[in-house]
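For the working numbering, count along the sequence shown from 1 and bump the result up by 70.
One or more of the hints may lead you astray.
No more than 27 Å apart at the CA atoms, straight line, and that leaves these computed lysine-lysine pairs for DSS-like [as the list claims (entries may be wrong)]:
(1) Lys189 with Lys207
(2) Lys195 with Lys207
(3) Lys174 with Lys207
(4) Lys174 with Lys187
(5) Lys188 with Lys207
(6) Lys195 with Lys174
It should be emphasised that the hints constitute simulated quantities derived from the structure, not laboratory data.
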Amino acid sequence: MFWFIVLLLVAGAGFYFYQKLTTIEREIRAEQAAENDRAAHSRSEADKPEQPEAEPEEEPEPESEPELVAVDREPTIAETPVPAEISSFEDEILAAITNLPGIKQTELSASFPDIEKKKFQQSIKKLADDGSVRREKEGSSYLLFPV
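Make a model of the complete structure from these sequences and hints.
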């Protein structure tokens, strides 16, 4: 009788955890679908022709410019200049690595949300195989350096 009760408890716990896992899987799939929809929407927004904007009225120049204070810090990916002649995203990736040597691959992939993660990883691997980029394993990611 005791073994029968233990068997019922184990079966009940198994069913409970199975239900929990399927619920979590559904939530993850819904989040991924929403992300893909946002990415597709942002791509379609980028494909639309730009509306000509009205020229702003000229503002009078200030008499004296405020003094800028230099701060020692690493530039972010958004602040790094990218040359205009870059055509493919592999060139953009290489330019970002050149501007920020030692950046983690996960951090760099976050700055390219319109590129699928798998395609991004393949591009990094191709750049490393071509000898354009050096990868150093750090934890679960890689540090990327220009060659």
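*Does Lys207 lie within 27 Å of Lys189 when you go C-alpha to C-alpha?*
holds, 19 Å
_Hint consistency between Lys188 and Lys207 [alpha-carbon to alpha-carbon, up to 27 Å]_ = Since the Cα atoms of Lys188 and Lys207 sit roughly 18 Å apart, the hinted pair holds (cutoff 27 Å).
*Take a quick look at whether Lys174 and Lys187 sit within 27 Å of each other, Cα to Cα.*
Given pair Lys174, Lys187 holds - Cα atoms ~14 Å apart, limit 27 Å.
_27 Å Cα cutoff - pair Lys195, Lys207_ = holds, 13 Å
*Given the proposed pairing of Lys195 with Lys174, does the C-alpha separation stay at or below 27 Å?*
holds, 14 Å
_Does Lys207 sit within 27 Å of Lys174, going by the straight-line distance between their CA atoms?_
holds, 9 Å
Violated hints: none; the structure is consistent with every hint.
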